Amino acid sequence: MNNVGAYTVVAAQSYFDSVDAIRQDDQHADKLPQVIAELQRKPFHNPRLQTHPLKGIKGELKVFASYVGGKRSDRRIVWQVANRTILVLLYGRHAIYDRVERMCIDFDNKANRVLLHLAGGSTPGDRIQPKSQQAYHSRRQEVGTLFILWDDAELTSFGLPASALRQLRRLNTEEELIELESCLAAAHYETALNLYLYHHPHGQQPEPVVEEADTPEVTAEDLNLERRLADVDAGRWFRRIEPEFMAEILRKPIEDWMIFLHPDQQRLVEQCHDGPARVYGSAGTGKTVVGLHRAAFLAKRNRRVPDALPVLFTTWVKSLPPVLEALYLRMPGTLPDEVEFVHADELARRLCENAGDEVRIRDEAKMLFSDVYRASVVAGTPLGDSGLSEPYLKAEIDKVIKVQDLGSLEDYLSLTRVGRSTPLDSAQREQLWDIVERWDADKAARNLMDVCDLIPRGLVCERSEEVAIGDHRNSRRVMRVLSGGGEVSGGWWLRRSRGRGVRVVA
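Using my numbering, you'd call the opening residue of the sequence shown number 1 and step up by one each time.
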């Protein structure tokens, strides 16, 4: 409990994101619980904090920065005050001073929510204008958090091409940025690293001269914001934090963060569906976490059903099943063998093998495709004049035609190709369909399969008879999960089959 007259400290999601982005390689992060305690006790004129106002922020925003780890440290915590409530916004190197200029706390009367808004290319130092506002939590659903405070126009103005933007937008941690070094041109990587470290495309800038801050005068707007932040519903996007809570967060391994379910996602876990449901969003928005908790919810509900079947959790990434299973078993109340984690191709392979269909996947199948491609995609043909590469067209076959088990050219011509970067007109699709048919004929003549053939082949086997996989009795709906996604890396699918069919999370 706080002492009488102490401050209440609440934090925006942007603060937790900034802590998580660098905490694995941050020698000062362990000082944050002490800093939170000092903010509660005495945020101003406290030698342990050396709180100072941020310069250049226009309007009536009362935004301050405090040292984390002493004056020799380059770590700062940035916060806004409303009467006796402190709202923590960001943590990081002193470069975050500029980042907070792009942020604004506002109240949405229609939705009855206190929201953290981001600038949409506003001039640094100007208060964000309503027409350029975007709520932080909605922006967070679209992009990774590492470069969330810059919009695409700003990043482009720093000399970063669209190809670099697509990769940077996925990033959530400093470690992911470092791993990207080999994928970006040296100049582009240096710009991105400078932006992250120093908030400037050209590297470190002089630290502004700071002066001790005085306790600001309390206004009616402060009292109104404080009241709304304290409202359980209106302030739902902000979380009250105590030193003990901050210390617990920092002690937890990254795996515990990976299974943390935000209260606002709980409804997705427990909703009832009369058919498939899709959860989609950018990297780091919690899709996998929702899927894991959904699987646990279904598994616990199955315990009340005699001879209940396990939950099947499928993924498109071969390395993920054991990782997901390990994360699942870290969750409270979970038990082994109640959920089976299987790669989608492996599930299709089992269907084939249990139906007595010999699966022979050989590299020769890819060589056959290259032969057909070179013979077909020549100058004067729709695809030959398109400039599309062999890998792109092979990916089109893998991720669009094969995985969705398209049965005819008409199906392909009418399909919306979700997730594919380059449009294909009807003539190009017709030629590609002809290539697929020629390639399939060559493979059949040699009794060969490509990896992309597993799911369609599994569908054929499943349609011919009901096939058991371990304790699962799989119906047509199971394989429809595999064939219905297309390029769906941005989400997972939930299928609940009738009768004795398995429940599938993918």
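If you're looking for bench data, these hints aren't it; they were derived computationally from the structure. For clarity, every value in this text was computed on a predicted model and none was experimentally measured. One or more of the hints may lead you astray.
[Said to hold, decoys possible] BS3-like mimics (lysine-lysine), calculated; alpha carbons at most 25 angstroms apart, straight line: (1) Lys252 - Lys31; (2) Lys287 - Lys300; (3) Lys55 - Lys110; (4) Lys71 - Lys42; (5) Lys31 - Lys42; (6) Lys42 - Lys55; (7) Lys443 - Lys366; (8) Lys318 - Lys394; (9) Lys366 - Lys394; (10) Lys71 - Lys31; (11) Lys71 - Lys110; (12) Lys55 - Lys71.
Results for each hint:
| no. | hint | result |
| --- | --- | --- |
| 1 | Lys252 - Lys31 | holds, 15 angstroms |
| 2 | Lys287 - Lys300 | holds, 20 angstroms |
| 3 | Lys55 - Lys110 | violated, 32 angstroms |
| 4 | Lys71 - Lys42 | holds, 17 angstroms |
| 5 | Lys31 - Lys42 | holds, 16 angstroms |
| 6 | Lys42 - Lys55 | holds, 22 angstroms |
| 7 | Lys443 - Lys366 | holds, 10 angstroms |
| 8 | Lys318 - Lys394 | holds, 19 angstroms |
| 9 | Lys366 - Lys394 | holds, 9 angstroms |
| 10 | Lys71 - Lys31 | holds, 13 angstroms |
| 11 | Lys71 - Lys110 | violated, 43 angstroms |
| 12 | Lys55 - Lys71 | holds, 18 angstroms |
Hint compliance for this structure: hints 3 and 11 are broken, all remaining hints hold.
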